[in-house]
Amino acid sequence: MDPRIIVITSGKGGVGKTTTTSNIAVALAKMGHRVVAVDADIGLRNLDVMMGLENRVVYNFIDVLEGTCRLNQALVRDKRADTLFLLPAAQTRTKDAVTPDQMEQLCDMLRKEFDFILLDSPAGIEGGFKNAAVGADEALVIATPEVPSVRDADRIIGMLESMGKAPIRLIVNRLRSNLVREGEMLDVRDVLDILAIDLIGIVPEDDSVVKSSNRGEPLAFGDSSPAALAFQRIASRIVGEEIPFPSFEEEQNKGFFAALKKFFGLK
Amino acid sequence: MAWDFLKRLFSTGGSKNIAKERLQIVLIHDRADITPEMLDNLRKDMIDVITKYMEVDLSKIEMDFDREDRSVAFVANIPVTRIKRGVVASSAGKPEERKEQEKTANGGKKATPKRKSGQP
Chain B
1 MDPRIIVITS GKGGVGKTTT TSNIAVALAK MGHRVVAVDA DIGLRNLDVM
51 MGLENRVVYN FIDVLEGTCR LNQALVRDKR ADTLFLLPAA QTRTKDAVTP
101 DQMEQLCDML RKEFDFILLD SPAGIEGGFK NAAVGADEAL VIATPEVPSV
151 RDADRIIGML ESMGKAPIRL IVNRLRSNLV REGEMLDVRD VLDILAIDLI
201 GIVPEDDSVV KSSNRGEPLA FGDSSPAALA FQRIASRIVG EEIPFPSFEE
251 EQNKGFFAAL KKFFGLK
Chain L
1001 MAWDFLKRLF STGGSKNIAK ERLQIVLIHD RADITPEMLD NLRKDMIDVI
1051 TKYMEVDLSK IEMDFDREDR SVAFVANIPV TRIKRGVVAS SAGKPEERKE
1101 QEKTANGGKK ATPKRKSGQP
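As they're listed, the protein sequences go chains B and L.
Counting in my numbering, the first sequence runs from 1 upward without gaps.
Counting in my numbering, the second sequence runs from 1001 upward without gaps.
Possibly wrong hints are sitting among the right ones.
[What the hints assert, rightly or not] A short, non-exhaustive set of chain L residues, derived as facing chain B with CB atoms under 10 Å:
(1) G1014
(2) K1016
(3) A1019
(4) K1020
(5) L1027
(6) M1063
Quick caveat, the hints were computed from the structure, so don't treat them as lab data.
Glycine included, each C-beta is placed from N, C-alpha and C at the ideal position.
Can you build the whole structure from these sequences, using the hints too?
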């Protein structure tokens, strides 16, 4: 299998990039793939704490690029999964500490060692995002069903398209089905209509996400909460499995078909 | 009767419909947000095409986007100094008309521009 480099991005901050990156990384590693989760958010690193590996960080990828250490010294192995690694960002540097050329160089190094290289992008559309995206082949765009998030996702998709990334696929995060049912939240269909890209996952709002980040244990390690299952399904779709979107169909039934039924007086 | 009918079909209207409509509008504007550089290139290209058919007053050309509530129109105002006779022979125009205001593009129709590319 050819190594795949995937950037996880959103434009807007706080919509779940780091949570998604850590969980997809765990889920892919559990399938036996060699996976590295790269924290591309220089100066505001958080992937280490989300994965519960913050105490084991010694070097970071800038040290590798500057020749301070070798790649395998900077990689933090996750003891909970044999084939899972974290490559941390520098916390005391700024986004302009690396150039796009250096990021491509880093991706080439990682390509030799791993099946999946997941790049957790910083928020925004400036240098930090561009550095995260430059070496990637494909992209996962995260959006929550809210106006600011979808708007920013549209912007970021335009940029990814012009950078030639493909496929660019959408994860709708933090969907609250009770609000969707009441007509008080954009549903997946609405978001897809607007953004016009392929869907790869729907993650429901789930309290266990907060609990898992408190503990530093990504849900995909074994939890059977709705969000954990959603992340596992996304990982399966990434490797090419055809998995239907159950909650999506459900929402559709509740939305459009319910309206139709009501219309024909069936309810 | 028909009204009831419609109301029943669209009675799902919570805040989600407002959200969707607002998004659609804001994206029309976002996607039509063209950089000065792109506008400059467009201007040059337009002038190249137009000067094949007529002489225009280069110093008085105005081009910009008109953004209204639900639509975007590209509006160009190009003063014509002379129509080239040979080129317009087929169309029965009046070459002696000195100043002609041209309104181009979309004619105020609804436009759904493509997503803005990230190109500078």
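Taking the hints in turn, this is what the structure says about them:
| no. | hint | verdict |
| --- | --- | --- |
| 1 | G1014 | 3 Å, holds |
| 2 | K1016 | 5 Å, holds |
| 3 | A1019 | 5 Å, holds |
| 4 | K1020 | 5 Å, holds |
| 5 | L1027 | 6 Å, holds |
| 6 | M1063 | 23 Å, violated |
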